[in-house]
Amino acid sequence: MQPAILVKNLAKRYRLGGKLPPIWPMFRRDEDKPSENYHWAVNDVNFEVNPGEALGIIGPNGAGKTTILKLLSKVTRPTSGQIHVNGRFSALIELGAGFHPDLTGRENVYLNGIILGMKRTEIEQRFDQIVEFAGIGRYLDTPVKRYSSGMYARLGFSIAAHVDPDILLVDEVLAVGDYAFQVKCHARMDELRSRGTALILVSHNMDAVRRVCDRGLVMYRGEAIFQGSSAESVVAYSDAIREAARDAQNAVPTEGGLAQRVMTFDVEIKNVFLMNENGERISVVPSGSRVFVVLEICSAKDVHSPIIALAIRTPDGQRVYASTTKWLEQETPDFVAGECWRVEYALDLPLLNGSYDLSVNIGSSDFKHYYDRIENALSFEIVNSVNAKGIVDLDAEVNFRKMEPVQ
Amino acid sequence: MTITDRAYAKAAPRVNIWTARELLWAWTTRTIRARYKQSILGGLWAIIQPAARAVILTIIFTRFIQIDTGNTPYIVFSYVAMVPWMFFSSALTDMVESLVHNMNLVTKIFFPREILPVAALLARFLDFAIAAVLLVVLMLLYRLPVLTVSLVYLPIVFLLQFALTLGLGLAGAAINVFYRDISHLFTFAIQILFYATPIIYPVSRVPESYQALYFLNPMAAIIEAYRSILLYQTPPDITLYASIPVVLLILILGYWIFKRLEAFFADVI
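Here the protein sequences line up with chains L and P, keeping their order.
Quick note: the first sequence uses the working numbering, first residue 8, plus one each step.
Quick note: the second sequence uses the working numbering, first residue 3, plus one each step.
Hints are computed from structural coordinates only; laboratory data are not their basis.
Be aware that one or more of the hints could be misleading.
Stated by the list, open to error - Among chain P residues calculated to face chain L with C-beta under 8 angstroms, some are:
1) Leu25
2) Arg35
3) Lys110
4) Tyr144
5) Tyr216
All residues carry an ideal CB built from backbone N, CA and C; glycine is no exception.
Chain L extracted, bound-state conformation:
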């Protein structure tokens, strides 16, 4: 099968600084001076998307996600690399781009539809569907400047989603609109995919990526640092974020500024990872399995019986589990300066599908201060759980027994 989109060694460079852009090199098409101050927004990115497949591009702000969409949609040209596009596409980089505030909803449907590459006759055929999907029927002949931002976005999405593209690029749009509309958007994207549309979704919303995409591409500072299943990608993304946060940790206090001061770094957590019973490092955990949280700790000073704690939270901060060696009444050894220890914390994880964050810390035996703590040290993904909502699998069993009528 020919991929809908094939991207090879894609790179895009932007000039930095506020100097006037030089116009002459554009005419001569020669290389810019190497002394120029450049920023690689996208650097050596490779991927492909097959028809009917959905790729989620995730990454922090400024990672180059939107630049990739702009390159794919030909808005801007690559500095180097290749893009093969097979089919007609519709890009949703900004909802309602080209809407004129003074024109009515009806006029803007035609205008925006044509901008997105539809023919007038196609728009006429789908007009009712577009309006129905956006749910703006009554306001069709009102200038869009009077629309609420939700209506504006809904109309924008609705038009783009009805272009009937072979490839649909979607950037951060599901953040807008209420829950009901988001559900509708997901349904529409599923529908398009089942008809063979290749979908590329750029988002900060990990839930959206997990729900919609088969595969994920994690961008970080212009580079594709991970490609894999969407669940693994979500984890890789959290790891990248944590890594960056850790780099900045000493400079920027995270919790009210004070907590940071409390860390003495007499003992330092060098490494935290998750291991299964076969001793393999994992980030995707089948529900109900036993895992080991492994901490590699080195102490810089002599420390008396430190307390080691861990906590698991959902991404929105709900605590799933927290415990310390003290609460477990677990003896911990005295650490001698220069020694390193490997601590294995075994846990059963009868959790429901979703993403979870793990925080760890190590503190003094009297709970007075932390030696080291890492908030959201890692994220893991629970898969293959039973069908239920919430956090924990309560191992439900349902029985029916006929009984005498109750008086």
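Take the given structure of chain L and dock chain P to it, following the hints.
Chain P alone, transformed into the frame defined by chain L:
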């Protein structure tokens, strides 16, 4: 379709202004509609502007300073030049701003970039047509012949003006993306050119020794040609044909500049 650095320019023309004509039309009508939305007089403004100018000029140049325009009433004499001039100047101003004004679109969506300046030009054509209606009314009012044989030259003159505006506008719009000085420069140049074009005075008042230089301005020949055709029922002067190569050169150069810079619009705008 493959986009690489080199192939980009070759890949882009797959969508051109012809294949995107529906968009061109939609954008033109959008521009026109938007211009007169929430306005009471709407399209009448297309007449009011050149008419008011012609009236003021008539007062100045018949009451304050005498300018001899032969048998032609001064108001018709100036209005016949004012209509194409307003088309030229307003279209050019709009074209130069067209890309920068629609920055949001240029940086977000791919479509043939010529659409924006060309639509700006076409949208001003409506104003031109509306203003021309008043010209016919004026000519009838002053009992000047309207339907004459010399009208066959009108399309040539109009096409020449259209090509000139297009060439200048494309170049201006493209360079304005890089340097906003261009829009100031154009505003300024249009003001200067107004006086270097026979709009408020007859070309006969230009000294012989200045004439060669004077007709380097293609608009001078074009305005003069409108006047000969519409008011004097004579074929255009030789100066019109002399301006054809100049106009063609401007058109080709303007289009070339636009095409060359097009790929960088989204990055530098």
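Discussion item. Does the closest beta carbon of chain L sit nearer than 8 angstroms to the beta carbon of Lys110 (chain P)?
Written reply: holds (4 angstroms)
Practice prompt. Would you check whether Tyr216 (chain P) satisfies its interface hint, that is, whether its CB is within less than 8 angstroms of any CB in chain L?
Written response: Nearest chain L Cβ about 31 angstroms off; hint violated.
Fill in: Status of the Arg35 (chain P) interface restraint (C-beta, 8 angstroms, chain L)
The hint holds - Arg35 (chain P) has a Cβ within 8 angstroms of chain L, the shortest such distance being about 6 angstroms.
Discussion item. Please check whether Leu25 (chain P) passes as an interface residue: C-beta within 8 angstroms of a C-beta belonging to chain L.
Written reply: holds (5 angstroms)
Practice prompt. Let me know if the C-beta of Tyr144 (chain P) comes in closer than 8 angstroms to any C-beta of chain L, holds or violated.
Written response: The hint is violated - Tyr144 (chain P) has no Cβ within 8 angstroms of chain L, the shortest such distance being about 39 angstroms.
In terms of the numbered hints stated before, the structure departs from hints 4 and 5, listed from lowest to highest.
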